[in-house]
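Trainee: Sequence:
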Amino acid sequence: MATVLDNFQETQRLQEEQYLGVREELKSINTTLVTIVGVLKDLVNTRRDTVAQQGPTDTSLDDEQPTTSASAS
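Okay, so the sequence shown: first residue is 570 according to my numbering, each after it adds one.
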């Protein structure tokens, strides 16, 4: 009976170690994502500032109609 209890306790200990390891990994991933979002926000703000300083731009490419291809049946 002691062996069953020992195995159970060892399994619990290993699961707790895995949980703590996964938790640390998730914290690291979260930190990375927060950094990426911050950089992207800075890029968007920089782009907005640049566009605002440049004024209107040539949007002729935006006015082009998309080409559609008809499939022969």
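Keep in mind that a hint or two might mislead.
Claimed, not checked - Each pair of labels, with its calculated beta carbon distance range:
| hint | residue 1 | residue 2 | range |
| --- | --- | --- | --- |
| 1 | F577 | N614 | 48 to 56 angstroms |
| 2 | T619 | E593 | 37 to 45 angstroms |
| 3 | Q623 | L583 | 39 to 47 angstroms |
| 4 | L595 | R616 | 29 to 37 angstroms |
| 5 | T604 | E579 | 32 to 40 angstroms |
| 6 | V573 | D611 | 51 to 59 angstroms |
| 7 | Q622 | L595 | 38 to 46 angstroms |
Hints are computed from structural coordinates only; laboratory data are not their basis.
Where a beta carbon is used, it is the ideal one built from N, C-alpha and C, also for glycine.
Trainee: Next, verify each hint and record whether it holds.
Mentor: Structure-based check of all given hints:
1. For F577 paired with N614, a C-beta distance near 55 angstroms keeps the hint of 48 to 56 angstroms intact.
2. Range check, T619 to E593: about 39 angstroms between beta-carbon atoms, so the 37 to 45 angstroms window is met.
3. As the Cβ distance of Q623 to L583 is approximately 59 angstroms, the hint placing it in 39 to 47 angstroms is violated.
4. At roughly 31 angstroms, the beta carbons of L595 and R616 sit within the given window of 29 to 37 angstroms.
5. Take T604 and E579: their Cβ atoms lie about 38 angstroms apart, and the range 32 to 40 angstroms holds.
6. Judged by the Cβ atoms, the range 51 to 59 angstroms given for V573 and D611 holds: they are separated by roughly 57 angstroms.
7. Here the CB-CB span from Q622 to L595 is close to 41 angstroms, well matched to the stated 38 to 46 angstroms.
The earlier numbered hint that this structure contradicts is number 3, and it is the only one.
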